[in-house]
Every structure is written in C-alpha cells, then in structure tokens.
Amino acid sequence: MTANPSGVNSVSYLEYKGRHKGIKSWIFSTDHKRIGILYLISMLTFFAVGVTFGFLMRLELFSPGPSIMDPQTYNSIFTLHGIIMIFLFIIPGLPAVFGNFFLPIMIGAKDVSFPRLNLLSWWLFVAGGLLAIISVFLPGGPADTGWTFYIPYSVRSGTNVVPALLAAFILGFSSILTGLNFVTTVHRLRAKGMTFFKMPLFIWSLYSTAWIQILATPIIGITLLLVVMERWLGVGIFDPALGGDPVLYQHLFWIYSHPAVYIMILPAMGVVSEIIPVFSRRTIFGYKFIAFSSVAIALLGSLVWAHHMFTVGMSNTAMFIFSFLTFIVAIPSAIKVFNWVATLYKGSIYTEPPLLYALGFIFLFSIGGFTGLMQGALSVNMHIHDTSFIVAHFHYVMFGGTGFGIFAAMHYWWPKMFGRKYKIKTAKTAFWFLFIGFNLLYFPMFIMGWLGMPRRYYDYLPEYTPYHRLSTIGSWILITGLIIMFSNLYSALRRGEKTTEPNVWGGETLEWKSATPPPLENFDVLPEVSEAPYEYKENDEVEEKKTEEAV
Amino acid sequence: MSQNNLNQDLQHGNVSYGLYFLVWFALLVLTGLSVTVVGIDFGKFTVAIAMIVSCVKSYLVLTVFMHLKSENPVFRIFVGVALFFLVVSFALLFSDYSFM
Amino acid sequence: MSSAEHAVGHHVHRDDEGARLGMWLFLFTELLLFGGMFLIYSIYHYVHQSEFHLAAKQLNTMFGTLNTFILLTSSLTMALSIAAIQKEKKALSVFLQLVTILFAVFFMVNKYFEWSAKIQHGIYPGSEELLMKSNGEILFFGLYYLMTGLHGLHVIIGVLIIGYMTIGTVKGKINSGNFVRLEAAGLYWHLVDIIWIFLFPLFYLIV
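Chains as they are written, first to last, in our numbering: chain A, 124 to 674; chain B, 99 to 198; chain C, 277 to 483.
Excised from the complex, chain A in its bound form (with noise of 0.2 Å):
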C-alpha cells in the first residue's frame, strides 16, 4: 500500500475503499475499526447462541422432571452455554470490539502497534468459535463437562470434549494477541501530551486487562493442552488413577480462570467511568483512585483463584490465605463505585440510555460483588458451594456487570461508530424490560441456592418449583428486553437519523474529537493532549461557587 495522499483521511472508516472490495475489504482490513466491527458481528452472532442455550436450560426447568429434554442433552447445553457466553461473548465483549475500535482513538494514534497481528487474532478468534460450534455435530455428541472441564470426569467422557479443548485454546490465543497489541500500543503510541495520567480511564482498564490476558492465559493453554495429552496419550499427569492430582488441575485452571473475570469486568468498569463524568457533566471524582484501583484489581485479583476450591480438601493455611486475599480484593472494586456515586453527586444529571444502563451496572454489580464477599468467607461458601447462589452470583457480576457495560458501551459509542441515532425512547423501554427481567431471573437463584437448590441439575425436589417458575418467567421477559435493544440498535444502522455531528453526548475525550464516523486513520492531525481527559472546568466552577455560598 502506498502513503496516503492528501484528503483521503476525510472519508469514513466505513466507506474507505481500499485493495479489496466487498466482503473482502472487511475480513482482510487491518483497521482497527473495521477488526472492532467485525468482532462485534461475530460476538453478537455467538451471544445469541449462548442466550439461545440459556433460554432452554431455563424452559426445562421450569417443572420438575424432563420436559423439553433429557438429561444427557440439559448437561450438554450448559457446557455449551459457558464455553460460548465465557469465551466468545464476554472475554471478547469489550477489549476485542471496543477496544480494538476506541482504543487507538481514545490515546489519539492511527492504530494499534500491530495491526496485522490484530487481524490474525480476530482470524483466531473466528476459527476457535467455529471449532467449538462443530465439534457439537461430531460423532460423540457435544461436550457435557461444564465449562470447567474438571478432572477425572473431563479425562473419562465420551464426549467431544477435545475439539472444545483445543476451541478454548485457540480462543486463548487470540486473547493473548489482543492483551500484547494493546500493552505495546499504550506504551509507544500514545499521542503528544498524553501522559499516563491523562488517559481515558477506559484505557487504563484495557490496559490492566491486557496483562491479565498475557500473564494468565498461558496458564490455561497449558492446562487445557495436557488434558488433551491426558486423553490422547494418558500421561497421567492429572489422572488419580495413574499418580496424578486432579486437585492440581482446579489450581491451574483457577490460575487463569479467576484472573479471567477480571478480563471480563474490567473493561466494564471502564466504560462506566467513562460514561458517568460525561452524563453528570462533572469531572470524574478520584481519577487517580480508579485508574490505580484497575491495576490493584488485575493484580490482586490474580492471587485469590483458590476461593474456587474450598472444598476440595485444600490445606487449612491455603484457606486462611485465599478468603483473605478475596476480601483484599474487594477493596479496589468498592473505590470505583464510591468514586462512581461520588461523581454523580451534584451533577447535572441527564438520564440518557447509555447512563440508565451504567447504572444498572453499578446497581447489579453491587449485589454481584457483595454476594461474592459472602462466598469469600469459609463457613459460608461451605453451605453454598456448587448451589444456584453461586449461579446467581456470577450472573449478577458477570452479566449484570460486564453484559450491562457492553450494552452501556454500545448505546454510548453507537452514534459515534456508525453515525446513526437509535431511538433512545425505545431503548430506555429496552433498559426497563432487561433490568427487571433480569434481577427476576436470577434473584430467585440465590434464595434456592440457600436453600439448597444445586447447581446443573437437571431436576429438582417440588418445594424449589415457585422459585424456578419466576426465573424462568424472568427470562422471557429478559429476552423481550435483548429483542427490543437489538432491533432498535440495528434498524437504527438502516433507518435512524444520520448524524455527522462528532460529539454526540458532549464528552471530553479523544474519540469525541475524531469526525462522526471516523476517518480511515482517525484524525486528519494527530492530537496534542494537555489537559486531563474529564475537563468539565464550567459545570465544576458553577459548584464551587454554590458549595462557597452554601459555606
């Protein structure tokens, strides 16, 4: 390709034409922009398999007994539905689309260090999904180990569990490539002026992330790669019946996997920091706080994975290390909410959707974040390990949370990304629809978790019937809520207003500056930065003048 001749950098991201046409021009761009848009269809595509899955888990349980499936088919499903929603929607949900697409923008560079490298991990990223779409219609039938693969049981199933096995890997992979893109970009291609402590602090937190996604991930390849040695070969290395320790398994896999929620709620918190200065107008409360918080978080949290496994017969020292190190890491999370609520206050607060939904994170991933202490305390996780309370627990944090902040993030970015406007009466109604369907579908989750009601079982005793009936009524009323942001997202791309305007809700960071929608290198002259990213001097001076009288 050759050097960009005067006056092209005026067309959008979306029109540009460059080797390739059609189809073409998008599987093999190497914008940033076009590889963020490409992992959104993709993720979206997934998403709607995984909520698919999940809308019939609950339907079968919505009586005691079979109903729609058997039991062989239910176990199948939820390992399905975990691999696909954990490493197809979340993990990729919002660095590998939001990031990938406002990275760049947010620190005012053309693109990331390696933009080939960027296309390859999405290529990645497809050939695992397909990986573990195909191995469902292999001889052998779909894997029904959850999304775990715990040892013996993963080492004895007849299953497919190998093609989903490497699928995981793959995706693994494609993570890596993304975390090491964004690291080397942050650190050699922030614009001028840009200091550390002037970035969005959606960038700190795809930067924490980023090292989480280098440092862990490895761990879990490994892993997974001696499970399929394990079958292949039978090494022993994790058979008990051949010396091996399946406990050691759980640690390694832990390893990576609890990091991994902080891959998933990270970026989330991001958004929601972004988002909320905007919509109150004021400059976030705490900077300093939250953007530390996001690195105490990738690395505290990366030391407390044995909580997972308290029951397992680990030694008694371990415990006391690991709840206490669960509790420490509770600590930054609760900075950023107290920085959150602390920045809306006395804000001129305008409710628009993209805030209704980042309040709905901080309102679900509260609970999600408290029930979680409980788990972290001994005595307690005793009594509710492996029950639904731990089910609803992840669902609160990890859907009420990350799945809120990627729909926050899509409704905030929307416009900018495509220039179009969406109805945003339709999709407040969408936000009301999703809230409560949602907090019906997995509160009663934590009541029969209580009580005793396991998790992934297929029946139940009568007496946990009620509760499993409202979940199951808030799922339809969840998945209405998904059908109505969906269409309005998308017939907003085909008929919503046009809108060319490049500060769509008034905020103050890089991507804001950049034309409605972005140019092919984003900016026509790379921006200078001198001022820190939320800088609402006026609304914050009128509020120490109140506050001055008031004293």
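Hints were generated in silico from the structure; no laboratory data involved.
No experiment lies behind these values; they were computed from the predicted model shown.
We put the CB at the ideal spot given by N, CA and C, even for glycine.
There could be a bad hint or two in this list.
[Stated by the list, open to error] For lysine-lysine, the following DSSO-like pairs were computed, each having C-alpha atoms within a straight-line distance of at most 30 Å:
1. A:Lys321 <-> A:Lys636
2. A:Lys621 <-> A:Lys636
3. C:Lys333 <-> B:Lys142
4. A:Lys636 <-> A:Lys548
5. A:Lys621 <-> A:Lys144
6. A:Lys315 <-> B:Lys142
7. A:Lys621 <-> A:Lys551
8. C:Lys363 <-> C:Lys447
9. C:Lys449 <-> C:Lys365
10. C:Lys449 <-> A:Lys147
11. A:Lys660 <-> A:Lys411
12. B:Lys142 <-> C:Lys363
13. C:Lys449 <-> B:Lys167
14. A:Lys636 <-> A:Lys660
15. A:Lys469 <-> A:Lys321
16. A:Lys660 <-> A:Lys469
17. B:Lys167 <-> C:Lys366
18. A:Lys636 <-> A:Lys469
19. B:Lys167 <-> C:Lys363
20. A:Lys411 <-> A:Lys315
21. C:Lys366 <-> C:Lys449
22. B:Lys142 <-> C:Lys409
23. C:Lys365 <-> B:Lys167
[What the hints assert, rightly or not] Away from chain A, derived, C-beta distances all over 10 Å, residues of chain B:
24. Tyr115
25. Gly116
26. Thr144
27. Ile150
28. Ser156
29. Leu160
[Unchecked claim] Simulated DEER-style distance windows between Cβ atoms:
30. C:Thr337 <-> B:Val154: 18 to 24 Å
31. B:Thr134 <-> C:Leu407: 32 to 38 Å
32. C:Glu364 <-> A:Arg239: 26 to 32 Å
33. A:Thr603 <-> C:Gly425: 48 to 54 Å
34. B:Gly116 <-> A:Phe151: 46 to 52 Å
Position chains B and C relative to chain A; hints supplied.
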C-alpha cells in the same frame, strides 16, 4: 526515520563480540560446575543449588544476549512483572501443598 | 517516537522499540506456558521426592549435558549474528545464523537418539513397563516427555524462524539499518535456551 532514531538503534545492544564470548564461557563453566557437583550429596539443598545456578545462567542470558541491560528501563520492569506473577503463583500453590 | 508519528500511512510507520516490546510480551506468554508445567513439576517433585530421584537416575546425563553445551553455543552464535549485521558484515551474519540452525539440528538429533533409547527400553507414556513402576516415576517420565517434547517443538519452530530470517538477510531485507526482526528471532531463541537451562538440572541432575 530520522537520523537520530537510526543512530539510537545502531547503538542499541551493540555489544562487542568479546563480551558475548565471555558470557558463553561463563555459561559453559557454570554448566560444567553443576554437572560435576552432582556426585556430592547436599541433601535437601541439591535442587536449590541447581536452581540457583540456573538463575545465574538465565540472568546472564537475559542481560547480555537478550540486551536487557541496554534496553529502556520499561523492559526490565516488564520482566519483573512477569517473574513476579510466576513466583507468586508458586508461593500460593505451595501454601496448599506444603501445609497439607 | 514523535518522529515516527509524522510518517503518513499505516505501513510506513516503523517503531523498532515497540516491536521489541511486543516480542518481549510474547516471550512472557511462552515463559508462563512453560511456567505452568514447572508448577506441576515442582508440586509432584515435592510430593514424590525419592521416586523422582530414582527415575532421574535412569536418564543419561551425557545426553543432557551435551545438549546444554550445544544450545548455549547456539545462543552465542545467534547473538553474534545480530552483532555482525549491526557492523554491516552480512556474510558473517548469514554464516552465524546457519551455524545456529545447525546446532539446533544437532540438538534435535541428540534428542531423537535419547528418546528412542528410552522408548526401546519400553519407557513411554502408557507403556506396560512404565505402568508397573511407582506413581512418582510415572509422573516423572510423563513430565519428561511432555516438557522436553514441548521444548523440542519450540526448537523446531525456532529453526523455521531463524531460517526465514536467514533468507531475509541474504535478500538484504534484514540489514544494518533494519534488523529488528532478526533481533526478535534472537530473543525467541534465547528464551528457548533459558527454558532448557531450567529443564536440564530438573531432569538430569537431581539424582
């Protein structure tokens, strides 16, 4: 590419051949050393001693062959972060197994 | 950095330090990939100490020591080849890269003989001979095959990468003004060396 940048890159890690040979020689000596002391029984410390020798060898490879010494300090911080993560994983894992 | 930013277009932009930074980050993932196996090794060594020592006695220290010398020397020639290209000695650099590849091949040949000797004695994962031994020994040999196998795979990948760089050097794409790819290949090769520096004592010297 400015002239300045080019010069910087030329200087980067431009160590003399001699130093490389010196490090190589040291690595061979250390290997020889750890092989010869195998016969001596250090009891509990056998593995520890072998690991210390390996760490010294790795340090030499990292700093000289891999130019960590002449790189931007951020590279050394990065290596520190990665090693810290690995060491902490070992420590926490052994908090389970050594107190069984 | 700032000078590079003013370059126009994606592909004109060049950032050698960024490229090296990316390579180092990739090396961390390799380090932790092996790190996971070292974790497993350390736990099983801790649990089955005497059996590990017993099993290690069955490995031939000669093979291991020879391979250590080979790999350390190949690391030297790799480092020298980069110094040579910086000093604009293209032929010397090409020669040194080829020597590195040659050493890597020696390493693999050596490994081949070592493995086949073991397999001929009936010691390989799942073999009857091995299954009759104690759990600690089964784990030791399981780890031996997996860890040296994965390492060997990295040696083979290293050969391919260095070979590719050699072609680039011959064609002049890698030269005294632009050798960051050769440097990256070198970093990879040194990491493979470092992994071996730890594998060697853990399998051959704990007798």
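Against the structure, the hints:
no. : hint                              : verdict
1   : A:Lys321 <-> A:Lys636             : holds (16 Å)
2   : A:Lys621 <-> A:Lys636             : holds (18 Å)
3   : C:Lys333 <-> B:Lys142             : holds (17 Å)
4   : A:Lys636 <-> A:Lys548             : holds (27 Å)
5   : A:Lys621 <-> A:Lys144             : holds (24 Å)
6   : A:Lys315 <-> B:Lys142             : violated (56 Å)
7   : A:Lys621 <-> A:Lys551             : holds (20 Å)
8   : C:Lys363 <-> C:Lys447             : holds (17 Å)
9   : C:Lys449 <-> C:Lys365             : holds (14 Å)
10  : C:Lys449 <-> A:Lys147             : holds (29 Å)
11  : A:Lys660 <-> A:Lys411             : holds (18 Å)
12  : B:Lys142 <-> C:Lys363             : violated (49 Å)
13  : C:Lys449 <-> B:Lys167             : holds (27 Å)
14  : A:Lys636 <-> A:Lys660             : holds (18 Å)
15  : A:Lys469 <-> A:Lys321             : holds (24 Å)
16  : A:Lys660 <-> A:Lys469             : holds (14 Å)
17  : B:Lys167 <-> C:Lys366             : holds (25 Å)
18  : A:Lys636 <-> A:Lys469             : holds (27 Å)
19  : B:Lys167 <-> C:Lys363             : holds (20 Å)
20  : A:Lys411 <-> A:Lys315             : holds (20 Å)
21  : C:Lys366 <-> C:Lys449             : holds (11 Å)
22  : B:Lys142 <-> C:Lys409             : holds (24 Å)
23  : C:Lys365 <-> B:Lys167             : holds (24 Å)
24  : Tyr115                            : holds (31 Å)
25  : Gly116                            : holds (33 Å)
26  : Thr144                            : holds (22 Å)
27  : Ile150                            : holds (24 Å)
28  : Ser156                            : holds (18 Å)
29  : Leu160                            : holds (17 Å)
30  : C:Thr337 <-> B:Val154: 18 to 24 Å : holds (20 Å)
31  : B:Thr134 <-> C:Leu407: 32 to 38 Å : holds (35 Å)
32  : C:Glu364 <-> A:Arg239: 26 to 32 Å : holds (29 Å)
33  : A:Thr603 <-> C:Gly425: 48 to 54 Å : holds (53 Å)
34  : B:Gly116 <-> A:Phe151: 46 to 52 Å : holds (48 Å)
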